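S.K.: These protein sequence lines are chains A and B, in that order. Just so we're aligned, residue 1 is where the first sequence starts under full-length UniProt numbering, counting upward by one. Just so we're aligned, residue 1 is where the second sequence starts under full-length UniProt numbering, counting upward by one.
Fair warning: there could be bad hints in the mix.
Copies of the same chain are indistinguishable here, so a pair counts whether it falls within one copy or spans any two.
[Claimed, not checked] Straight line, CA to CA, 27 Å or less: simulated DSSO-like cross-link-like pairs of lysine-lysine:
#	residue 1	residue 2
1	Lys135	Lys615
2	Lys78	Lys65
3	Lys140	Lys86
4	Lys645	Lys258
5	Lys13	Lys260
6	Lys227	Lys86
7	Lys615	Lys525
8	Lys13	Lys175
9	Lys470	Lys212
10	Lys645	Lys574
11	Lys13	Lys549
12	Lys212	Lys175
13	Lys279	Lys78
14	Lys282	Lys260
15	Lys615	Lys381
16	Lys13	Lys230
17	Lys258	Lys13
18	Lys86	Lys52
19	Lys549	Lys258
20	Lys212	Lys13
21	Lys212	Lys615
22	Lys13	Lys39
23	Lys623	Lys123
Since the hints were derived computationally from the structure, they do not count as laboratory data. Computed from a prediction, not measured in an experiment: that's the story for all the values here.
Chain by chain, the residues:
There are 2 protein chains.
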Amino acid sequence: MPPPNPDWVQALKPSGVQGTELLQQERAKSDVDVDRVAKFLFTSEVLERNAKILKTLQSHKVFDKSGNYFNGRTDRIKAALARGKKLRQLSVEHKWTPAEFVAANDLIGEPTPYGLHEHMFLKTLQEQGTPEQHKLYLEKAQNYEYIGCYAQTELGHGSNVRGLETTATWNGEDKTFTIHSPALTASKWWIGSLGKAANHAVVIAQLIIDGKTYGPHPFVVQIRDLKTHKTLPNIHVGDIGPKFGYNTMDNGFLLFNKVKVPHVSLLARFSGVNPETGKYIKPQNAALVYGTMTYVRSNIVLQSGSVLARGVTIATRYCAVRRQFHDRDSTDPEAETQVIDYTMVQYRLLPLIATTYALHFTGRAMLRLYSENQARMADGKASAATAAQTLADLHATSCALKAFSSHAAAEGLEVSRRTCGGHGYSAFSGIGSWYADYLPTVTWEGDNYMLTQQVARYLLKAARAVLAGKPADNDISRILAEFRRRQDIGAAFDVLDDDEDIVKAFGWRAAFLTFEAHRHRDENKQSWNSLLIDFWRLSTAFSQYLIVKNFYETLQDPATKAALSITELGLLRKLFLLFSLYHLQSNASEFFTSGATTVRQIQLARTTQTLALLKDIRPHAVKLVDAWSFPDWQLDSSLGRADGKVYEDMFHRASQLNPLNDITFDSNPNSPVLFREDKAKL
Amino acid sequence: MPPPNPDWVQALKPSGVQGTELLQQERAKSDVDVDRVAKFLFTSEVLERNAKILKTLQSHKVFDKSGNYFNGRTDRIKAALARGKKLRQLSVEHKWTPAEFVAANDLIGEPTPYGLHEHMFLKTLQEQGTPEQHKLYLEKAQNYEYIGCYAQTELGHGSNVRGLETTATWNGEDKTFTIHSPALTASKWWIGSLGKAANHAVVIAQLIIDGKTYGPHPFVVQIRDLKTHKTLPNIHVGDIGPKFGYNTMDNGFLLFNKVKVPHVSLLARFSGVNPETGKYIKPQNAALVYGTMTYVRSNIVLQSGSVLARGVTIATRYCAVRRQFHDRDSTDPEAETQVIDYTMVQYRLLPLIATTYALHFTGRAMLRLYSENQARMADGKASAATAAQTLADLHATSCALKAFSSHAAAEGLEVSRRTCGGHGYSAFSGIGSWYADYLPTVTWEGDNYMLTQQVARYLLKAARAVLAGKPADNDISRILAEFRRRQDIGAAFDVLDDDEDIVKAFGWRAAFLTFEAHRHRDENKQSWNSLLIDFWRLSTAFSQYLIVKNFYETLQDPATKAALSITELGLLRKLFLLFSLYHLQSNASEFFTSGATTVRQIQLARTTQTLALLKDIRPHAVKLVDAWSFPDWQLDSSLGRADGKVYEDMFHRASQLNPLNDITFDSNPNSPVLFREDKAKL
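Same shape as in the complex, but just chain A (with noise of 0.2 Å):
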């Protein structure tokens, strides 16, 4: 570590108005209680129980952060290894939920080699696994003995599961599958918890029995030794190397030499083998899986409201201790304006921050309907095309909203970034790793570009069934009747006038382009492949149409109402108004083109509407991010501290933590000496 500061630097303050008074004074001028919005959107009990998960973690030094950004990817993953290890311990200790255990590892804040131990592995022996391979394997699982992943994906093969290439052949006479890679491009490939900490896998291998092939199954396959941790014969295995971010994670390749694994090795609850006859039996029910799928990206859509908020707290908090200039009409040439002043600052920060809470509200809104839809499920009075109906409805709603919102995070994470200027380049900034780790959201689960194909399919549908008479009963299917009915009168939402126009724009719009994508497809037969892009577009629409509804309707709530007081509640319907307003001037030409509303009123909204808005929030914007309620320490972030002292913080970190200045360089281009330090080796 480089030696202390001399006295004269410790004694230098930053200049003028200090952070802490900056922060102080926002969060004076604004009315907005931050305990209160926080209950409103974590429960007091969510909260009540983060901070005291905070205090256990702070209290293990295994999880100081101050290496974090310091540390080569050898170093940070150990690191994980040993947090991942004691976050176990500590679950076993506290008796942790399933719910606790992830809000340590949100504070932690990057994953551990056990992730996909834990979401994966002891999820997918639990739905696919029989009572026998529960005993088998779960249970060893569960106490980590076993450590596990899931090998879906192969090198040559990401979303297209049909097209693996890994295979399980059945051999009738000794009872087992064997396991092979036939090509290189058959290699297991970025499976997290595989590259180093796994000894078993669940391999998703194509099933074959007297050459026939029989799809894609599930096969638990040991990888390592339990003892020494050494691969096992015929078995090649590794990490697949550094990545863009997400490098706590051992992401690993696996291949198979002809690997022989016994019958019981496929997880047989859905479908299997019989071992005496070698007759493949039959999935009965795929309905389950289907709901996994939606259950996770609905939690992506959940999820990234506060990714975001992460990225969009600090930005604002910083924006608002950071000066520069003085406003060019401003009298006094000496002051500088707080950045957060600046209205071209403010266009880029402040629909993020209503993007924060439209996703969240979003978010919750699919999750409440995932579980209604269970319990209906499993009280079993829904008929099955209703049931049949509503896993569609939960299905395509759930991609549509997984594409939009983890694009939305993405996007909104590099924004934020760069409003904090050339700091927000900075590893102190936290935002930058944030958003590196977060990126493969876009592509995993279903990737976004992918996902607007199922939309799409799924609104085309929906568009026959109102064509021919025959709607079924839902949303979007009265959406598209409504626009079906109202076509040759028009319409004339008033949408800078009406809240409830504003939704209905938005449903007209999606259904516009619904029954252009259809008459593109099913009367002019276009091919599937030149409507992708109108697909994608399309997608767009309708989740943004989802968003802008379930916000409006989080607005109408009476829990709502009786949650918050007048100007919280009128800050909130602000923050559904900009929202609405910035993505539809973003997509003007779709809103008029369709008739939903007047050139006049979209130049407005742009302009006049807009101004007004980002006036109005301006003041509640450090607020209206406290409410996130991140803990400093989650932030991690120089730039985003609660307390303003950003530049004492960034001062700190380079000169005392940083570990470059305990080295000194040769920089004569002559001499072959580098770090003086090293002298003696050369």
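Following the hints, position chain B against chain A.
M.R.: Coordinates of chain B only, in the frame set by chain A:
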């Protein structure tokens, strides 16, 4: 290093059609002559020069890149220091010109700690030093005895140079200046080559004489001992820590505790202090410095094309090699489709290919204008008024284009990375680190958003002159005057059938937005701050007009027609159309609000026309990126390999170069051992 792969792994190949074959097919089906296009873009001299330098670099082990993606920051900066030394030695040995030195740096692809010595320290001494100072400082600096940097930005002060806090107070009695940092926010920050490498700095400090401040001036200050490289007394200097990218550079901080420097330290070519009287000597002419900034920005514009082309080359090749799913309408369900055949991928990637060419042509045009103007100024024939106008034109144009093109390059790199799907996230894609290293460009040499205010100021001034009937003799004034003339008859540009009309439509929209801004500011007296969002839109519109115009003019240029075949010219024209129509429909509302185009044409541009262009350009995509002539060694990308051996390269790097595969975890959560290799230590 990990052990070699077992024999059975070494025997594996990717399945199906090999990447090599796919790229050969791509190249066979296009009749573009890659060499001819490359010569047109760069000239044979430059291509041959680069090939020679590449050979030199590859023959030295210090430039071996195999550790780049794996090493932590300390090892990376050490390697960069070693490379910087070798570069300097080779430069002396081979008598490289400055252009050759830059070419060598580009091939290496990452900054070295000598970077700012070479770019900024030498340049500043040269341009702002007197002959006496050249003798005293420049000669030693050219000889690398003095290693320097350019210390302007401070912890609390980025873009606003006038707000800098570091002071240089004139002491008449002993004819010295006292350099001092009065606050923590006065610490120099972000200064490249300062953190570890430099022993001297040009420090920009507020000159104070007799209590009066004369604004920021440059002082040469020694900061480290020439022998020991230890920091001199009352100076505190170090590296500011890790960043999102650019981590092979030692960006530094620097504080002074009343450090005395002699009178000669103030670089005095333009202004200074009379040592006898203590009187300030005013600068005569700021035009030269103005010119330098224009030059730097014009270079950013030119580079933005090749910066983006690097990512686009990687993505285009990989999308031709990668196959995923089969087309829904395809009759062969077995054959997976090349990803580049999906319109959604084409829509993301091909406009970026168009952008690389567009930016290159505009960068060339900018630099030509700059040189022409320098020559005119040198021969002294232009009137003072003409010279001032040309400088203002160049300044505004370079501001607008720097903002637009660096933004387009950065965004485009991230889009390229994502078109690579999951593998784009691997470090081996080569795009992520390149993007991260490029990002500061959107902030430095004028923050992109700040610059748009300069552009607006210029356009407002031009509008006022046109309205006053005294238009300047330049392009924008003609555009504005023409808009005024036709305002009441309206425009009727045919953007689908007339290339020149496309240019006119972009000009019309820029003129419309200029007069709108003028009306808001001069007639409605709106505050400057309330117009920043409009100014940013205006600057973007102006930039797009310039780029579209330059592309169009390049196509009309007889030299272009002489250099290329009919096919190649036709293809370049399609790139021009794709670039133009892409931005036209992305900003649709500005085009129809201004009356530049009809809604119907925009709709057609966005659908039929775009699809037709994608289809026509698609077969030439690989050759269009090949023409950018990046050697594999420069790209350092598994996905972007010219020979298509994508999967082999990914696997090789992961399994054979990855140091993590030489480590064994102990994943028992209750074991204190982390890496089994470390056991002895625990």
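S.K.: For each hint, tell me whether it holds in the structure or not.
M.R.: Results of checking the hints against the structure:
Taking the closest pair of Cα atoms, lysine 135 and lysine 615 never come within 27 Å of each other, the shortest separation being 62 Å inside a single copy and 57 Å across copies. Taking the closest pair of Cα atoms, lysine 78 and lysine 65 come within 27 Å of each other both inside a single copy (13 Å) and across two copies (25 Å). When the C-alpha separation of lysine 140 and lysine 86 is checked against a cutoff of 27 Å, the pair qualifies only within one copy, where the shortest distance is 19 Å, while the shortest distance between copies is 56 Å. Taking the shortest Cα distances, lysine 645 and lysine 258 sit within 27 Å of each other only across copies (26 Å), while inside one copy they are farther apart (60 Å).
Taking the shortest Cα distances, lysine 13 and lysine 260 sit within 27 Å of each other only across copies (22 Å), while inside one copy they are farther apart (68 Å). Only within a single protomer do lysine 227 and lysine 86 lie at most 27 Å apart by alpha-carbon distance; the minimum there is 20 Å, versus 48 Å between protomers. Taking identical chains as interchangeable, the C-alpha atoms of lysine 615 and lysine 525 lie at most 27 Å apart only when they sit on different chains, with a minimum of 18 Å there against 49 Å within one chain. For a Cα distance limit of 27 Å, the shortest separation of lysine 13 from lysine 175 qualifies neither inside one copy, at 75 Å, nor across copies, at 30 Å.
With identical chains, the CA atoms of lysine 470 and lysine 212 are never at most 27 Å apart, being 41 Å at best within one copy and 83 Å at best between copies. Neither within a single protomer nor between protomers do lysine 645 and lysine 574 lie at most 27 Å apart by alpha-carbon distance, with minima of 30 Å and 54 Å respectively. For the homomeric pair lysine 13 and lysine 549, neither the shortest alpha-carbon distance inside one copy (49 Å) nor that between copies (51 Å) is at most 27 Å. Taking CA atoms no more than 27 Å apart as the test, lysine 212 paired with lysine 175 passes inside one copy only; the shortest distance there is 17 Å, against 93 Å between copies.
Taking CA atoms no more than 27 Å apart as the test, lysine 279 paired with lysine 78 passes in neither setting, with 46 Å inside one copy and 62 Å between copies. For the identical chains of this complex, lysine 282 and lysine 260 are intra-copy neighbours only, at 23 Å inside a copy versus 86 Å across copies, given an alpha-carbon limit of 27 Å. In this assembly of identical chains, the alpha carbons of lysine 615 and lysine 381 never lie at most 27 Å apart, being 51 Å within a copy and 52 Å across copies at closest. Taking the shortest Cα distances, lysine 13 and lysine 230 sit within 27 Å of each other only across copies (25 Å), while inside one copy they are farther apart (55 Å).
In this homomeric assembly, lysine 258 and lysine 13 come within 27 Å of each other (Cα to Cα) only across copies, at 16 Å, whereas the closest approach inside a single copy is 67 Å. Taking identical chains as interchangeable, the C-alpha atoms of lysine 86 and lysine 52 lie at most 27 Å apart only when both belong to the same chain, with a minimum of 16 Å there against 55 Å between chains. Proximity of lysine 549 to lysine 258 under the C-alpha cut-off of 27 Å is found in neither arrangement, the shortest distances being 54 Å within a copy and 62 Å between copies. With identical chains, the CA atoms of lysine 212 and lysine 13 are at most 27 Å apart between copies only, with a shortest distance of 24 Å across copies and 75 Å within one.
Proximity of lysine 212 to lysine 615 under the C-alpha cut-off of 27 Å is found in neither arrangement, the shortest distances being 67 Å within a copy and 39 Å between copies. Taking the closest pair of Cα atoms, lysine 13 and lysine 39 never come within 27 Å of each other, the shortest separation being 36 Å inside a single copy and 57 Å across copies. In the homo-oligomer, the alpha carbons of lysine 623 and lysine 123 never lie at most 27 Å apart, since the shortest distance is 39 Å inside one protomer and 47 Å across protomers.
Hints 1, 8, 9, 10, 11, 13, 15, 19, 21, 22, 23, counting from the list given before, are not met by this structure.
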